[in-house]
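Student: Sequence:
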Amino acid sequence: MKTLTTYLSKKAEKQKLFVPYIMAGAQGLDALPDEINMLAKNGATAIEIGVPFSDPVADGPIIQEAGLRALAKKVTLKKIIQLLQQFDSPVPLIFMGYSNSFFHYGLKNLAEDLANTDVKGFIIPDLPYEHRDLVLPTFDEADLALLPLISLTSPLERIRTLLAEAEGFVYAVTINGTTGTGKNYRENLDEHLALITEESKIPVLAGFGVSERTHVERFNDCCDGVVVGSKIVQTLQDKGVKETGKLVNSLTNPLKQASAS
Numbered sequence: 552m553k554t555l556t557t558y559l560s561k562k563a564e565k566q567k568l569f570v571p572y573i574m575a576g577a578q579g580l581d582a583l584p585d586e587i588n589m590l591a592k593n594g595a596t597a598i599e600i601g602v603p604f605s606d607p608v609a610d611g612p613i614i615q616e617a618g619l620r621a622l623a624k625k626v627t628l629k630k631i632i633q634l635l636q637q638f639d640s641p642v643p644l645i646f647m648g649y650s651n652s653f654f655h656y657g658l659k660n661l662a663e664d665l666a667n668t669d670v671k672g673f674i675i676p677d678l679p680y681e682h683r684d685l686v687l688p689t690f691d692e693a694d695l696a697l698l699p700l701i702s703l704t705s706p707l708e709r710i711r712t713l714l715a716e717a718e719g720f721v722y723a724v725t726i727n728g729t730t731g732t733g734k735n736y737r738e739n740l741d742e743h744l745a746l747i748t749e750e751s752k753i754p755v756l757a758g759f760g761v762s763e764r765t766h767v768e769r770f771n772d773c774c775d776g777v778v779v780g781s782k783i784v785q786t787l788q789d790k791g792v793k794e795t796g797k798l799v800n801s802l803t804n805p806l807k808q809a810s811a812s
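According to the numbering used here, the sequence shown holds residues 552 to 812 in order.
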């Protein structure tokens, strides 16, 4: 079992998990260490680090705009890794990005350059399960987890296939469409998430559209935690690190209370 999977599974035995997402370099790359420390201080179990890309097919407008800001600041995957090589994160980091960025960098180079960082996993939305062998040999050797996404439209047989070799945590997508706030959830979503959680041997987290305390409390009841992205990205842009810390603390409070009960 890979390091990230072991870490998250042990955490999930004691508390609900909270994984925030931020776009590397949206506020300037030099702001990234402070952002990571703020998230960890306010309850993040692990942190997704977005890699800016010109065609982010899974991202809604808020994260797309954050990526464009980062690209305008000349932020690249290489620069992100160079910074993380000099920074000790309080919690594991997970790169969330697109195939082109990682293949262009070179998988062998990527694994070697991440060896002395806290990046322990990847979410690659445009890499189909059937093509995972393009990265798995390199990732397996480097102890890097490849996290699966499970959509609302996945039938039970497909869910079981995806879960069979799942690593890190299972990203259970809560809406049909891209990331973002203000989404409407379908009526049987809770049952869908509960089914995935029951079938899975590793933690299942709900993500896409999760932006309020009520969302966190709801999904806390049927799976192992949540991923929050667009709300955090927007708050960082509008109000800065301090106010974002307050937001994250307010969202993690239900998780802390659930673990104590």
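The hints are simulated quantities; they were obtained by calculation from the structure and are not laboratory data.
Owing to the predicted nature of the structure, the values given are computational and were not obtained by experimental measurement.
Heads up, the beta-carbon is just placed ideally off N, CA and C, and yes, glycines get one too.
Each hint should be verified, as a subset may be incorrect.
[Stated by the list, open to error] DSS-like cross-link-like pairs, simulated, lysine-lysine; straight-line CA separation at most 30 Å:
| # | residue 1 | residue 2 |
| --- | --- | --- |
| 1 | Lys793 | Lys592 |
| 2 | Lys624 | Lys797 |
| 3 | Lys752 | Lys630 |
| 4 | Lys553 | Lys565 |
| 5 | Lys592 | Lys790 |
| 6 | Lys790 | Lys752 |
| 7 | Lys629 | Lys659 |
| 8 | Lys592 | Lys752 |
| 9 | Lys793 | Lys752 |
| 10 | Lys592 | Lys565 |
| 11 | Lys793 | Lys562 |
| 12 | Lys625 | Lys562 |
| 13 | Lys625 | Lys592 |
| 14 | Lys793 | Lys553 |
| 15 | Lys629 | Lys752 |
| 16 | Lys630 | Lys790 |
| 17 | Lys553 | Lys624 |
| 18 | Lys790 | Lys553 |
| 19 | Lys752 | Lys561 |
| 20 | Lys797 | Lys592 |
| 21 | Lys659 | Lys630 |
| 22 | Lys659 | Lys793 |
| 23 | Lys553 | Lys659 |
| 24 | Lys793 | Lys625 |
| 25 | Lys793 | Lys624 |
| 26 | Lys592 | Lys562 |
| 27 | Lys561 | Lys790 |
[Stated by the list, open to error] The calculated label-pair distances, taken between Cβ atoms and stated as ranges, are:
| # | residue 1 | residue 2 | range |
| --- | --- | --- | --- |
| 28 | Leu622 | Pro706 | 34 to 40 Å |
| 29 | Ser801 | Pro688 | 23 to 29 Å |
| 30 | His655 | Asp691 | 42 to 48 Å |
| 31 | Thr557 | Glu742 | 39 to 45 Å |
| 32 | Asp639 | Ser702 | 22 to 28 Å |
| 33 | Asn804 | Asn651 | 24 to 30 Å |
| 34 | Asp694 | Glu616 | 31 to 37 Å |
| 35 | Val608 | Lys561 | 32 to 38 Å |
| 36 | Lys793 | Lys752 | 16 to 22 Å |
Student: Identify every previously stated hint that the structure contradicts and give their numbers, smallest first.
Tutor: 3, 6, 9, 12, 14, 15, 17, 18, 22, 27, 29, 30, 31, 32, 33 and 36
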